[in-house]
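Just so you know, the sequences run in chain order F and Z.
Quick note on numbering: the first sequence equals residues 1 to 634 in the numbering used here.
Quick note on numbering: the second sequence equals residues 635 to 934 in the numbering used here.
One or more hints might be untrue.
Below, in silico cross-link-like pairs of lysine-lysine (DSSO-like), each with a Cα-Cα straight-line distance of 27 Å or less [as the list claims (entries may be wrong)]: (1) K729(Z) x K757(Z); (2) K681(Z) x K286(F); (3) K577(F) x K587(F); (4) K752(Z) x K809(Z); (5) K809(Z) x K419(F); (6) K834(Z) x K844(Z); (7) K459(F) x K482(F); (8) K419(F) x K661(Z); (9) K600(F) x K809(Z); (10) K752(Z) x K793(Z); (11) K793(Z) x K419(F); (12) K587(F) x K505(F); (13) K336(F) x K286(F); (14) K22(F) x K834(Z); (15) K22(F) x K661(Z); (16) K449(F) x K482(F).
Please keep in mind that the hints were generated in silico from the structure rather than gathered at the bench.
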Amino acid sequence: MHEPLNTPEISLDAYVAEQENKDLLRFITCGSVDDGKSTLIGRLLFDSKMIFEDQLATLQSDSRKMGTTGDNMDLALLLDGLEAEREQGITIDVAYRFFATDKRRFIVADTPGHEQYTRNMATGASTADAAVILVDARKGILDQTRRHSYICSLLGVRHIILAVNKMDLVNYDKATFEAIRDAYEAFARIIGYDEVSCIPLSALTGENVMSSAVHMDWFTGPTLQAELETISVDDRHNERPFRFPVQWVNRPNLDFRGFSGTIADGTVHVGDEIVALPSARTSRIKSIVTFDETLEEARSGQAVTLTLEDEIDISRGDMICHRENRAGLSDQFEVKIVWMADEPLMPGRAYLFKSGVNTTAMVVTRIKHVVNVNTLEHMATKRLDLNEIGVCTISLDRRIPFDPYKENRQTGSFIIIDKMTNNTVGAGMIDFGLRRASNIHWQAVDVNKTARAAIKVQKPSVLWFTGLSGSGKSTIANLVEKQLHAAGRHTYMLDGDNVRHGLNKDLGFTEEDRVENIRRIAEVARLMVDAGLIVLVSFISPFRSERRMARNLLEPGEFHEIFVDTPLEVCESRDAKGLYKKAREGKIKNFTGIDSPYEKPEDCDLRLETTKLSSEDCANAVIDYLLEVQIKTD
Amino acid sequence: MSSLSHLHRLEAESIHIIREVAAECRKPVMLFSIGKDSMVMLYLARKAFYPCPPPFPILHVDTTWKFHEMIAFRDNIAKEWGLDLIVHVNEDGVKKGVGPISHGSAIHTDIMKTQGLKQALDKYEFDAAFGGARRDEEKSRAKERIFSFRTEQHRWDPKNQRPELWNTYNTRIHKGESIRVFPISNWTELDVWQYIYQEKIPIVPLYLAKKRPVVERDGALIMVDDDRFPLHPGETPQMRMIRFRTLGCYPLTGGIESDATDLPSIIQEMLVSRTSEREGRVIDRDHGASMEKKKQEGYF
Chain F
1 MHEPLNTPEI SLDAYVAEQE NKDLLRFITC GSVDDGKSTL IGRLLFDSKM IFEDQLATLQ
61 SDSRKMGTTG DNMDLALLLD GLEAEREQGI TIDVAYRFFA TDKRRFIVAD TPGHEQYTRN
121 MATGASTADA AVILVDARKG ILDQTRRHSY ICSLLGVRHI ILAVNKMDLV NYDKATFEAI
181 RDAYEAFARI IGYDEVSCIP LSALTGENVM SSAVHMDWFT GPTLQAELET ISVDDRHNER
241 PFRFPVQWVN RPNLDFRGFS GTIADGTVHV GDEIVALPSA RTSRIKSIVT FDETLEEARS
301 GQAVTLTLED EIDISRGDMI CHRENRAGLS DQFEVKIVWM ADEPLMPGRA YLFKSGVNTT
361 AMVVTRIKHV VNVNTLEHMA TKRLDLNEIG VCTISLDRRI PFDPYKENRQ TGSFIIIDKM
421 TNNTVGAGMI DFGLRRASNI HWQAVDVNKT ARAAIKVQKP SVLWFTGLSG SGKSTIANLV
481 EKQLHAAGRH TYMLDGDNVR HGLNKDLGFT EEDRVENIRR IAEVARLMVD AGLIVLVSFI
541 SPFRSERRMA RNLLEPGEFH EIFVDTPLEV CESRDAKGLY KKAREGKIKN FTGIDSPYEK
601 PEDCDLRLET TKLSSEDCAN AVIDYLLEVQ IKTD
Chain Z
635 MSSLSHLHRL EAESIHIIRE VAAECRKPVM LFSIGKDSMV MLYLARKAFY PCPPPFPILH
695 VDTTWKFHEM IAFRDNIAKE WGLDLIVHVN EDGVKKGVGP ISHGSAIHTD IMKTQGLKQA
755 LDKYEFDAAF GGARRDEEKS RAKERIFSFR TEQHRWDPKN QRPELWNTYN TRIHKGESIR
815 VFPISNWTEL DVWQYIYQEK IPIVPLYLAK KRPVVERDGA LIMVDDDRFP LHPGETPQMR
875 MIRFRTLGCY PLTGGIESDA TDLPSIIQEM LVSRTSEREG RVIDRDHGAS MEKKKQEGYF
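With the hints as constraints, model all of the structure from the sequences given.
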């Protein structure tokens with residue numbers, strides 16, 4: 001929306017030029033429920049005459065119907081756009097609003113105060129230059145205030161304005177304001193904000209929002225609008241190192257090969273010496289192409305197409321940098337993660353990592369600690385729950401170009417995508433790349449898997465038996481191993497119970513420990529396959545994602561998932577080890593099938609129905625299956 | 635060196651979004667309503683891939699009640715710009731004789747526009763569709779993500795939107811699901827007009843004031859665009875200087891009295907205007923949050 005023009009005689013071109021030259025401030029508003037965020041933005045829009053007459057008419061009728069402000073107009077209704085929010089009187093999602101004053105343009109993200117919607121706040125903060133944090137003058141600094149401030153610092157928001165709202169309800173008391181200001185400034189310093197602007201105001205009456213307050217003549221600082229108009233916007237992007245993530249390879253015909261993308265930072269000129277990462281191939285900029293014209297130089301934020309002097313292989317996700325100032329390159333990182341999904345983040349699980357235009361597989365190798373956002377204390381944990389913030393190490397399946405987040409918000413950030421649901425489940429900020437990735441190279445040895453397999457005259461593989469406790473996995477696996485051994489094959493059997501007595505004796509039965517349990521087994525199986533063996537794994541392995549993780553560790557065709565399908569009632573009636581009885585009595589917690597889920601395989605390689613086949617027949621079926629796949633691959 | 639100007643920044647953001655869809659989605663399509671926002675979006679798509687043409691087709695869902703000038707303009711642009719244009723009409727609706735006058739705006743819009751759009755998306759198996767909606771248009775739009783996901787039944791779940799951080803967009807979907815993508819989400823109405831002015835983008839002449847035959851219905855000035863419009867006994871359309879701020883089906887789109895016959899005067903007029911552009915749309919006013927409802931049902 002625009003600033004109304006009251007003198008229609010003014011030259012249009014002059015007006016347009018003036019509008020064009022205004023800079024843009026993106027800010028977010030945050031605070032607790034009922035601190036009056038939506039009212040404040042409604043006030044900013046209303047006072048800067050951004051509300052059209054028909055919108056005003058709707059607002060007046062809505063205020064009478066559902067307003068909470070008596071005879072006054074309920075300005076919050078301008079923003080709470082979704083029907084559910086209007087009914088409940090709360091804000092549940094981020095809303096973006098646009099307004100302008102004489103000096104600047106603004107995009108405001110109105111972010112919700114409810115604790116469970118912290119993820120939306122992080123979303124709004126990710127692109128914001130400044131944050132207006134509201135507190136209710138009657139309540140002072142709350143846990144929520146600290147949480148939101150910390151998230152702002154984490155997401156790299158550079159300026160914080162503390163708006164002490166509802167001053168009208170504390171009789172415009174100076175001492176109340178100063179106590180809140182002092183408490184907040186002390187906290188802000190801890191999270192890295194040395195200068196915070198604190199403003200006493202009333203969103204309802206508009207005092208100190210756009211105009212000074214008669215009731216608060218003791219306050220000599222700027223109004224909220226004046227402060228928003230003067231804080232500095234980050235305009236140093238052009239001087240920073242050149243970063244160009246390649247988004248799309250532009251190849252209309254054989255004569256033209258360009259690389260399209262948006263300049264994440266810095267400036268580029270025709271003739272510049274460049275390097276493409278990760279290949280490290282070098283060339284020079286031949287031309288900077290746009291629809292309008294061919295440019296001599298381009299700068300941060302521009303969407304352009306670059307052509308190079310040399311034909312070097314560059315694809316989407318690669319990064320073009322200046323030769324003398326290149327981005328880092330790593331496949332392992334220490335990062336901060338804001339977790340945004342109900343299902344917790346667990347080390348060892350496979351996710352997708354997307355940074356800008358670069359997508360790759362990712363595993364969280366370790367959660368170093370979770371941050372208590374109210375006290376900023378670090379606490380040990382094995383998982384991250386919804387809205388938790390943790391410091392983690394992650395491992396990607398290939399090296400990617402990057403910068404630390406504090407140096408570059410584009411090339412240092414990433415989102416985490418769940419492979420099953422496709423949802424965005426987390427947001428991450430790279431602190432630094434772990435050096436070991438670049439220093440430790442895999443030893444390329446001449447005696448390799450192929451050589452070891454050849455001497456054994458067999459195809460190394462994993463037979464992964466999954467099924468409920470008591471389903472007959474180990475019995476069948478034993479019979480299969482005997483047959484393979486008799487046929488001169490080199491085998492090894494990994495059994496759930498046996499491994500738990502040794503390698504995994506430190507692990508319990510919580511969901512996290514089960515994931516780790518399977519991860520270790522899968523890694524051991526992989527080493528054994530590398531050694532040339534046929535490995536029989538007999539594990540309940542109840543979760544699909546962990547079985548998939550095991551499969552992904554191996555090469556295609558090496559992993560065979562065999563589902564020993566025995567109904568729960570049958571397993572429970574056998575109950576050879578008496579475990580089901582104990583689980584039913586509550587003596588064993590987290591027992592698969594009883595109080596912990598078993599996710600049936602959807603795409604197993606072989607399914608054995610033990611209620612229809614004897615153990616011997618099942619074992620024969622496995623051998624038949626193996627012969628069949630061996631014939632196919634040979 | 636100074637930072638980018640306002641319109642250049644908006645332009646670059648939109649191009650980034652359009653390229654991202656082309657790079658990641660299996661079969662995208664660009665929705666084309668022939669209006670000013672559509673024209674800006676289409677123009678941005680040409681910029682995004684230059685010297686390549688946009689690597690996706692353009693889809694117009696024709697309700698058969700668009701202004702005649704819109705259809706002529708559409709065909710002309712498609713030819714001039716060499717577009718791969720698909721026109722889809724809900725033939726079931728045509729057979730049943732559905733129209734805004736006989737069936738009312740709600741049924742007409744649902745059958746000819748919303749259902750027609752779903753038919754076209756299903757028929758061609760598009761997994762991503764660009765739309766020219768802006769966040770400043772309407773309250774529920776302000777809360778919609780740039781990448782907005784639809785179930786297999788084309789439904790929108792406003793409470794379950796994916797978080798959208800930085801300029802990293804998650805484009806992953808399951809088979810059957812689709813994405814609506816709004817590359818000009820962060821543009822305002824004035825930005826659109828200034829950009830059209832700056833870039834000299836052609837627009838349908840209906841946006842400019844001209845003497846046109848109109849009748850007044852419920853306070854709205856409706857242009858009588860063809861003989862399907864039922865006149866009251868004794869009524870004759872008046873020739874009045876009007877123009878349109880938004881364009882839809884002609885019986886559902888109210889014009890405004892205006893002398894703005896060129897772009898600069900439109901922008902001047904906008905700058906002193908005190909009503910929002912959607913006021914001319916008869917379909918938005920029937921229910922408090924009607925846009926949200928329509929969107930949940932699959933309207934763009």
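Hint-by-hint comparison with the structure:
1. K729(Z) x K757(Z): Between K729(Z) and K757(Z) the Cα gap is close to 19 Å, so the pair holds against 27 Å.
2. K681(Z) x K286(F): holds (20 Å)
3. K577(F) x K587(F): holds (14 Å)
4. K752(Z) x K809(Z): Holds. K752(Z) to K809(Z) sits at ~16 Å (cutoff 27 Å).
5. K809(Z) x K419(F): Holds, because 14 Å separates the two Cα atoms, which is no more than 27 Å.
6. K834(Z) x K844(Z): Holds, at roughly 20 Å.
7. K459(F) x K482(F): Satisfied, since the Cα-Cα distance of roughly 17 Å is no more than 27 Å.
8. K419(F) x K661(Z): holds (21 Å)
9. K600(F) x K809(Z): Status holds; Cα separation ~22 Å.
10. K752(Z) x K793(Z): Judged against 27 Å, a Cα distance of about 22 Å means the pair holds.
11. K793(Z) x K419(F): Cα-Cα ~21 Å, so holds.
12. K587(F) x K505(F): holds (19 Å)
13. K336(F) x K286(F): With a Cα-Cα distance of about 39 Å, the restraint between K336(F) and K286(F) is violated, given a limit of 27 Å.
14. K22(F) x K834(Z): Roughly 22 Å separates the two Cα atoms, so the pair holds.
15. K22(F) x K661(Z): The hint is violated at about 39 Å.
16. K449(F) x K482(F): holds (24 Å)
Comparing the model with each numbered hint stated earlier shows that hints 13, 15 do not hold.
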